[in-house]
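Asker: Using the sequences and the hints, build the whole thing.
Under UniProt numbering, the residues of the sequence shown are numbered 1 to 663, in order.
Don't read these hints as lab results, they were simulated from the structure.
Fair warning: there could be bad hints in the mix.
[To be verified] SDA-like mimics (lysine to any residue), calculated; alpha carbons at most 20 Å apart, straight line:
no., residue 1, residue 2
1, Lys283, Ala302
2, Lys249, Glu429
3, Lys247, Lys105
4, Lys521, Gly559
5, Lys68, Gln116
6, Lys235, Glu245
7, Lys105, Lys578
8, Lys631, Arg32
9, Lys398, Glu284
10, Lys320, Leu309
11, Lys467, Ile225
12, Lys81, Gly42
13, Lys561, Glu512
14, Lys4, Asn107
15, Lys68, Val140
16, Lys311, Ala322
17, Lys323, Asp377
18, Lys517, Gly577
[Said to hold, decoys possible] If you anchor each label on the Cβ, the simulated ranges turn out as follows:
no., residue 1, residue 2, range
19, Ala273, Pro303, 42 to 48 Å
20, Gln307, Glu406, 53 to 59 Å
21, Asn255, Gly129, 48 to 54 Å
All figures in this text were calculated on a predicted structure; none of them were measured in a lab.
For glycine and all other residues, C-beta sits at the position ideal for the given N, C-alpha and C.
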Amino acid sequence: MIFKTLTLNNFRVFNGQTTIDLNPRKEGMFERPIILFGGLNGAGKTSILTAIRLALLGKRALGAVITKKDYLTYLNEQTNKTATKAQQDAEGSITLSFSHTHQGKHNLYKVTRKWQLEGDEKLTLTINGEQDTSLNSEQVQAFLHEIVPPGIGDLFFFDGEKIAELAEDDTGSYLKEAVQKLLGIDIINRLSNDLDIYLKGLGAETADKDTLKKIKAAEEQKHKITQQVNATRDKADSIGAQLTELKKKIASKENQIQAQGGAWAKTKDQEQAQASELIELEKELTAKIRQELSGNLPMALAPTAMQNLIKQLTSDQKIKQAKAFGNELIQALPNLENELNQKFDKQSSNIMATVNSYFGQLVNQTALAEPKLDITDSEFALINAQVTEASQSQASIKELSTALSETQNKLSSLSINIERAPDAADLHELYSSLRELEKQRDTTSKEYISELLKAKEFKVKELELAKRLEKDYAKLKNNHSADKAVERVELSQHVLQDFKYALTELRVIQLEELFVKAYRKLARKEDLKLSAKIDPTSFDVNLVDAEGVIINRKSMSAGEKQIFAFAILEALGKLSGKVLPVVVDTPLGRLDSKHRNKLIKHYFPEASEQVILLSTDTEVDEDFYQAIEHKVSHAFEIEFNQNTNCSTLREGYFWAELAQEAK
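Answerer: Structural data, given as structure tokens:
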């Protein structure tokens with residue numbers, strides 16, 4: 001399949017009719033499979049992906065469980081708002097033309113979907129220029145589903161959210177559903193159920209009326225309960241969808257509050273109180289610093305001079321003490337001489353001479369010395385205490401200054417936060433809206449849980465009736481145990497189960513090989529020794545290193561998980577055997593430069609014969625554009641007009657057109 005053109009008429013951001021050439025162009029013998037669309041966020045890239053999915057899949061593009069009413073409501077919501085303002089019942093439409101080989105014939109198909117307010121969808125199919133009037137809308141959709149089964153379409157037409165969903169899926173549910181659709185296991189299960197119905201019919205032929213009446217009543221009761229189960233599940237799914245939408249709205253409202261300073265507003269009162277405490281502390285610390293500065297601190301500013309002063313004053317004190325001692329000694333010597341004469345008559349003169357000689361030397365040592373700074377003892381003690389206090393004051397000033405600096409820094413940060421926070425009145429409406437949404441979420445959540453519990457109760461009753469019916473059918477089956485038809489049916493059912501398991505195991509092995517090949521192509525050099533193991537029952541995909549150790553996917557980075565998801569999609573696509581275009585919307589958002597480089601060089605150019613890539617200027621930037629330019633057939637830039645709220649297309653890709661004009 002190759003997409004030729006896509007025509008959008010009043011679809012989403014595209015007002016009026018816009019026809020886009022999607023047919024890949026060649027350069028000589030060289031294929032150029034990539035059609036590149038560039039646009040900023042909100043310009044309309046997703047509109048192109050949505051249009052392609054809608055054109056081919058119809059309401060299944062929105063999911064497996066969606067009512068016709070909801071689908072028509074959705075279509076009307078896609079009609080361009082500018083067009084509906086000009087004309088309330090403005091028509092919206094999508095037309096996709098594509099070439100495809102079906103049942104051995106290569107044809108050009110054109111599918112068109114049209115809708116209007118309060119009207120039904122009109123779906124038409126044109127083959128080689130002639131409209132096929134033999135098919136009604138449902139038959140046209142069935143034909144499109146043959147070409148692109150809904151489960152397969154998700155493998156070829158996807159966006160960054162699908163990649164993220166698959167990357168974070170640790171349950172294997174997405175992969176299991178995709179593989180079962182690829183293998184046609186749902187058809188096998190349906191055939192097995194049909195055989196069960198056939199067996200029940202055989203047994204009923206020989207059953208007595210009472211037994212048949214009993215079985216019929218049980219079947220009717222089971223049918224009613226099954227309807228209740230389905231209705232309750234549908235209602236739960238509907239409520240679940242509402243709950244999901246409410247959660248999105250809550251997240252959006254929280255982001256809006258965050259953008260307007262809501263994060264700062266939440267703590268504004270607390271921070272204002274803390275700021276008041278810090279202001280008081282700043283005043284207290286400043287007062288203590290001033291007190292220290294008005295005291296003896298200046299003495300600490302000249303520590304050497306103060307040390308020399310104390311040293312000199314200490315020396316002067318010793319001199320004064322020595323002089324005082326000498327004066328007292330001189331006064332005391334006459335009395336000492338009298339005492340010696342009385343007690344040591346003959347020896348007194350010798351003793352006195354020794355005393356005079358000894359003390360004379362001491363007195364003479366200080367007799368000539370004079371104090372340089374003649375101050376009193378009390379004055380010396382005062383100066384000595386002031387110098388000691390000045391040293392302590394210097395240490396205290398250092399501690400107080402550090403505390404003051406820290407306080408001022410905290411106060412500055414709080415002031416910035418307080419300034420960032422808007423007034424409570426500015427956010428009142430947003431917070432009121434958020435609280436209302438949260439109330440709706442809580443109410444809806446209770447309803448959702450209630451419906452799930454009801455569905456569970458109905459399901460339990462349904463299973464009980466199913467077991468009872470199974471016993472009754474077993475009795476009927478025993479009545480025909482010798483019937484060849486019964487034996488053949490039972491044998492067929494066993495064969496179907498064996499075929500189902502054998503097919504699953506075979507395909508899982510093929511999927512492992514395809515996945516490893518794709519992953520090694522996209523992964524970084526250090527990951528090339530990795531292999532994969534897929535559980536055929538749960539369909540969990542595990543990466544295994546060279547030593548056979550399973551790698552925990554939760555430990556992988558966001559970029560590594562996205563490469564993992566791309567590898568799964570490529571492997572599933574190749575396993576499907578379908579040759580379809582690949583359409584990818586904003587796929588590179590969470591990838592680092594190395595992983596982006598791998599995708600740009602080894603995935604997009606080789607993903608299909610036609611690759612439609614929808615990117616922002618920061619994803620496929622100038623460097624990446626140059627890396628794939630030789631594979632780009634042509635490119636478009638989607639330009640959004642703020643005045644009209646509509647988008648237009650021009651051929652070229654951001655800077656690429658300017659570069660071509662310069663050449």
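Asker: A separate judgement is required for each hint: does it hold in the structure or not?
Answerer: Hint check results:
1. Lys283 - Ala302: Distance ~29 Å between lysine 283 and alanine 302 Cα, so the pair is violated.
2. Lys249 - Glu429: 15 Å, holds
3. Lys247 - Lys105: Distance of about 48 Å is beyond 20 Å: violated.
4. Lys521 - Gly559: Given that 20 Å is the threshold and the Cα spacing comes to 15 Å, the pair holds.
5. Lys68 - Gln116: Satisfied, since the Cα-Cα distance of roughly 14 Å is no more than 20 Å.
6. Lys235 - Glu245: 15 Å, holds
7. Lys105 - Lys578: Given that 20 Å is the threshold and the Cα spacing comes to 16 Å, the pair holds.
8. Lys631 - Arg32: 4 Å, holds
9. Lys398 - Glu284: 15 Å, holds
10. Lys320 - Leu309: Holds - the C-alpha atoms of leucine 309 and lysine 320 are around 16 Å apart, at most 20 Å.
11. Lys467 - Ile225: Given pair lysine 467, isoleucine 225 holds - Cα atoms ~14 Å apart, limit 20 Å.
12. Lys81 - Gly42: 15 Å, holds
13. Lys561 - Glu512: 17 Å, holds
14. Lys4 - Asn107: Satisfied, since the Cα-Cα distance of roughly 12 Å is no more than 20 Å.
15. Lys68 - Val140: This hinted pair holds, its Cα atoms lying about 16 Å apart.
16. Lys311 - Ala322: This hinted pair holds, its Cα atoms lying about 17 Å apart.
17. Lys323 - Asp377: 14 Å, holds
18. Lys517 - Gly577: 16 Å, holds
19. Ala273 - Pro303: 42 to 48 Å: Hint holds: Cβ distance 43 Å, inside 42 to 48 Å.
20. Gln307 - Glu406: 53 to 59 Å: Given a distance of about 33 Å, which is not inside 53 to 59 Å, the answer is violated.
21. Asn255 - Gly129: 48 to 54 Å: For glycine 129 against asparagine 255, whose Cβ atoms are near 50 Å apart, the range 48 to 54 Å holds.
Hint check: violations occur at hints 1, 3, 20; the rest are consistent with the structure.
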